[in-house]
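Q: Got two chains here, separate frames each, mind docking them using the hints?
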Amino acid sequence: MLSITRRVGERIVIGDDIVLHVQEVSGSTVRIGIEAPKALPVYREEIWAAVKEENARAAAAGVELPRGPVIPPAA
Amino acid sequence: MSPLTVHSTRFGTIEIEADAVLSFPRGLIGLGGSRYALLTTDPESPFSWLHSVEDPDLALPVTRPWQFFPGYEIVLADDEAAALGLSGDDPADVWVTVRAAESIKDFTVNLRAPIVVTSGPDGPAAYQVINDAPGLKVAMPLFAASAAADSGTAAA
Chain A
5 MLSITRRVGE RIVIGDDIVL HVQEVSGSTV RIGIEAPKAL PVYREEIWAA
55 VKEENARAAA AGVELPRGPV IPPAA
Chain X
27 MSPLTVHSTR FGTIEIEADA VLSFPRGLIG LGGSRYALLT TDPESPFSWL
77 HSVEDPDLAL PVTRPWQFFP GYEIVLADDE AAALGLSGDD PADVWVTVRA
127 AESIKDFTVN LRAPIVVTSG PDGPAAYQVI NDAPGLKVAM PLFAASAAAD
177 SGTAAA
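Protein chains in written order, with my numbering: chain A, 5 to 79; chain X, 27 to 182.
Bound-form chain X, shown alone (with noise of 0.2 Å):
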């Protein structure tokens, strides 16, 4: 597949592979847009960027969640899972979006709708849910598990 280009305010103008183009059939909650690019500015970073293809205004920060929650589960209605075609045995790359500060102390996540990738008929296919697993927050500081694990009181 040929590069796409990408115009964006933060990065211009940049080419990415078609692969890292994520379909959202549904928008991301409140945003919109119905196709974004993953992209990776620094592979030691666990942080990426999702990059609207339509908008160049918006991008959101986002990282995979287990390596800051290890425990992290997604619960998600029968009939939700039904309809993107998720099950338990079929593990789905799942990103979390990140709300950046000045600190990366200050850092949240939002553990309560993450993002699952889902391998769909026309390439990847990525679906904003709501996680119904109890005690998510949409602004989870992201290092709420290693201060709960290091003050011996692990978050439930």
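Pulled out of the complex, with its shape left as it was, chain A reads as follows (with noise of 0.2 Å):
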């Protein structure tokens, strides 16, 4: 992995269409802008992840849907 240091109000280019700002570190928070084409999603890691695996976890259903309306279990 590239691994760059940046002072705050410095840039890191990526390609010709992607930058990140270095705007804020504070402690042990750093805040980021970040400039990419409409087309590409940016996400933070973990909610990207989580959404990643429930996506695998709904197509690997084993299980037949049911069928007809559905009525909610009695508690």
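Quick caveat, the hints were computed from the structure, so don't treat them as lab data.
Every residue, glycine too, gets a C-beta built ideally from N, C-alpha and C.
Fair warning: there could be bad hints in the mix.
[Unchecked claim] With a straight-line cut-off of 30 Å between C-alpha atoms, the simulated DSBU-like cross-links for lysine-lysine are:
| # | chain 1 | residue 1 | chain 2 | residue 2 |
| --- | --- | --- | --- | --- |
| 1 | A | 42 | X | 131 |
| 2 | A | 42 | A | 56 |
| 3 | X | 131 | A | 56 |
[Said to hold, decoys possible] A few chain A positions that, by computed beta-carbon distances, are all more than 10 Å from chain X:
| # | residue |
| --- | --- |
| 4 | 9 |
| 5 | 19 |
| 6 | 25 |
| 7 | 28 |
| 8 | 36 |
| 9 | 42 |
| 10 | 69 |
A: This is the structure in structure tokens:
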């Protein structure tokens, strides 16, 4: 992995279309601005990972879906 | 439009109407794919299948969230909504993925990452988005809202 040290206010450019701005550093928190093409989604890693895993689980369902209207089970 | 033949491990070879195919310019998160068909095997059922047109093995059960979560709201970052061409005045068709189980009471749905269908210039385009509304999980019990209403402790 490439590691680059930057100061607040400096930027990193990835290719011609993606720019990361180091906006603020406070304690262990870094605020990063991201400019990217609209077609390129940007996610917080932990949300992306959770959704990826949930999609895989939904796709792995080995059961038949119930037929007919669904009635909520009695609590 | 002529029907499209889709090969499915689960359903065999099926023919679907071309307008049931949704393009996914970004794919499904972590699964990719650019074209999926919405298959309804039982019109009485709230569940459908989002079936890959490209991969016979790839299909996810989906449902529309509002039957089970009447107060469900989707909150998108402004730039995300703009990128997808969505606005609050333009209600889109929305689906959520379902994790099916042996018993319906163990079904969960992903309210955190709904699939929003927009009317694109080349037919329907769908995007799985991150919903920033508070309190939503990727695995929400399907009957969480009705259970909360029954016990008088409505979910926030």
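Q: Should the label of residue 19/A as a non-interface residue stand, given a Cβ cut-off of 10 Å to chain X?
A: 18 Å, holds
Q: When you check the alpha-carbon spacing of residue 42/A and residue 56/A, does it fall within 30 Å?
A: Status holds; Cα separation ~21 Å.
Q: Next pair to validate is residue 131/X with residue 56/A; report whether the Cα-Cα distance is within 30 Å.
A: Roughly 23 Å between the alpha carbons, so the hint for residue 131/X and residue 56/A holds.
Q: Between residue 42/A and residue 131/X, does the CA-CA distance stay at or below 30 Å?
A: 39 Å, violated
Q: Was residue 42/A rightly flagged as not at the interface, with every chain X Cβ beyond 10 Å?
A: Violated, since 4 Å does not exceed 10 Å.
Q: Is the claim that residue 9/A lies outside the interface with chain X correct, judged by CB distances over 10 Å?
A: 28 Å, holds
Q: Far enough from chain X: is every CB of that chain over 10 Å from the CB of residue 36/A?
A: Consistent with the label, residue 36/A stays out of reach of chain X, its closest Cβ about 15 Å off (over 10 Å).
Q: Just want to verify: residue 69/A was marked as not at the interface with chain X; is every Cβ pair farther apart than 10 Å?
A: Nearest chain X Cβ is 5 Å from residue 69/A, so the label is violated.
Q: Taking 10 Å as the cut and beta carbons as the points, is residue 28/A off the interface with chain X?
A: 19 Å, holds
Q: Quick check for students: does the CB of residue 25/A sit more than 10 Å from each CB in chain X?
A: 15 Å, holds
Hint compliance for this structure: hints 1, 9 and 10 are not met, and every other hint is.
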